[in-house]
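Just so you know, our numbering puts 87 at position 87 of the sequence shown, and the rest follows in order with no gaps.
Simulated from the structure, these hints should not be mistaken for lab results.
For glycine and all other residues, C-beta sits at the position ideal for the given N, C-alpha and C.
Hints are not guaranteed to be accurate.
[Stated by the list, open to error] Under the rule of at most 20 angstroms between Cα atoms (straight-line distance), these lysine to aspartate or glutamate pairs were calculated in the EDC-like manner:
#, residue 1, residue 2
1, Lys159, Glu196
2, Lys61, Glu243
3, Lys66, Glu243
4, Lys136, Glu243
5, Lys29, Glu73
6, Lys192, Glu157
7, Lys100, Asp60
8, Lys221, Asp231
9, Lys30, Asp60
10, Lys100, Glu151
11, Lys137, Glu157
12, Lys114, Glu236
13, Lys137, Glu243
14, Lys203, Glu157
15, Lys100, Asp49
16, Lys137, Glu158
17, Lys114, Asp231
18, Lys37, Asp60
19, Lys124, Glu217
[Said to hold, decoys possible] DEER-style ranges, computed between Cβ atoms:
#, residue 1, residue 2, range
20, Gly174, Phe85, 34 to 40 angstroms
21, Lys114, Lys136, 16 to 22 angstroms
22, Asn52, Thr134, 34 to 40 angstroms
23, Gln97, Ser228, 25 to 31 angstroms
24, Asp125, Ser147, 26 to 32 angstroms
25, Ala117, Ser50, 40 to 46 angstroms
26, Lys124, Ser50, 47 to 53 angstroms
27, Ala117, Phe85, 34 to 40 angstroms
28, Ala117, His148, 22 to 28 angstroms
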Amino acid sequence: MKASKISALLYACTLGLSALNAYDASVAKKLLESKTKRTLEIVSFSPLDSSNLFLLVIQDKLNGYKTLFISDEKQQNLVVASAFFSSDDTVSKRVSQELKAISTHNFNTQNSAKLNALFASIPKDYAITITGATPKKFYIVSDPMCSHCQEELAHIEEKLQTHTIVMIPVGLLGQDSLYKAADIARQIRSTKTPKEQIQILRKIYARTYAPTTANDEIYSKVIRVTNSIRDSKLIEGVPFIYEALD
Numbered sequence: 001m002k003a004s005k006i007s008a009l010l011y012a013c014t015l016g017l018s019a020l021n022a023y024d025a026s027v028a029k030k031l032l033e034s035k036t037k038r039t040l041e042i043v044s045f046s047p048l049d050s051s052n053l054f055l056l057v058i059q060d061k062l063n064g065y066k067t068l069f070i071s072d073e074k075q076q077n078l079v080v081a082s083a084f085f086s087s088d089d090t091v092s093k094r095v096s097q098e099l100k101a102i103s104t105h106n107f108n109t110q111n112s113a114k115l116n117a118l119f120a121s122i123p124k125d126y127a128i129t130i131t132g133a134t135p136k137k138f139y140i141v142s143d144p145m146c147s148h149c150q151e152e153l154a155h156i157e158e159k160l161q162t163h164t165i166v167m168i169p170v171g172l173l174g175q176d177s178l179y180k181a182a183d184i185a186r187q188i189r190s191t192k193t194p195k196e197q198i199q200i201l202r203k204i205y206a207r208t209y210a211p212t213t214a215n216d217e218i219y220s221k222v223i224r225v226t227n228s229i230r231d232s233k234l235i236e237g238v239p240f241i242y243e244a245l246d
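My request is simple: use the sequences and hints to build the entire structure.
Written out as structure tokens, the structure is:
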């Protein structure tokens, strides 16, 4: 059964559930597996703040796709969430973030072969490998002039607790982005530790940093990498974060 069919089956009806313990989704999992004939895994199950609703994320173990469900307090009704509206902004934000994370995960799962090939094509002396606690990899395509990328960089140590990071600086947002990415490529070569790498990145990502305006071979390499990322049509915005799949 194709991935799209499971969503169609799950969305087609409201599913009746027998009583569940407040944080136990095992009955929901069994019911979904009986209805879809798929082997599923519970990713997360938690109450939705300031409401009588619960969020359940299920993953198909065969194809890796995730689906978000919203359940009532008694765990007797379960529906697939594709859009959510609430008068409580905190609740809306949380569901929106969960939907975005699932969408990103499913896109990456669907395009994993293409993404793996794209990242393998990036010159090894250009990609910045920041060694983390495990060999599992996050690829991060990032623009030094992007405010969201700057925010992501501020929390990079958190990701290093579980993954090794491969950072690919690009210049998608204009001339200063290209110049800053080139400065990163020049200066990162002298670093020897993850801490030094992060210090260089944060220095150049800072809004107050004035980049070198040299049009040398490194600058040309930044342009080539940026164009390959743009031309792939796989990455439409930054920061783009991809967890390498086995």
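Checked hints:
no., hint, result
1, Lys159 - Glu196, "holds (17 angstroms)"
2, Lys61 - Glu243, "holds (17 angstroms)"
3, Lys66 - Glu243, "holds (15 angstroms)"
4, Lys136 - Glu243, "holds (8 angstroms)"
5, Lys29 - Glu73, "holds (17 angstroms)"
6, Lys192 - Glu157, "holds (17 angstroms)"
7, Lys100 - Asp60, "holds (18 angstroms)"
8, Lys221 - Asp231, "holds (15 angstroms)"
9, Lys30 - Asp60, "holds (13 angstroms)"
10, Lys100 - Glu151, "holds (17 angstroms)"
11, Lys137 - Glu157, "holds (14 angstroms)"
12, Lys114 - Glu236, "holds (14 angstroms)"
13, Lys137 - Glu243, "holds (6 angstroms)"
14, Lys203 - Glu157, "holds (16 angstroms)"
15, Lys100 - Asp49, "holds (18 angstroms)"
16, Lys137 - Glu158, "holds (13 angstroms)"
17, Lys114 - Asp231, "holds (13 angstroms)"
18, Lys37 - Asp60, "holds (11 angstroms)"
19, Lys124 - Glu217, "holds (16 angstroms)"
20, Gly174 - Phe85: 34 to 40 angstroms, "holds (36 angstroms)"
21, Lys114 - Lys136: 16 to 22 angstroms, "holds (20 angstroms)"
22, Asn52 - Thr134: 34 to 40 angstroms, "holds (38 angstroms)"
23, Gln97 - Ser228: 25 to 31 angstroms, "holds (30 angstroms)"
24, Asp125 - Ser147: 26 to 32 angstroms, "holds (28 angstroms)"
25, Ala117 - Ser50: 40 to 46 angstroms, "holds (44 angstroms)"
26, Lys124 - Ser50: 47 to 53 angstroms, "holds (49 angstroms)"
27, Ala117 - Phe85: 34 to 40 angstroms, "holds (39 angstroms)"
28, Ala117 - His148: 22 to 28 angstroms, "holds (26 angstroms)"
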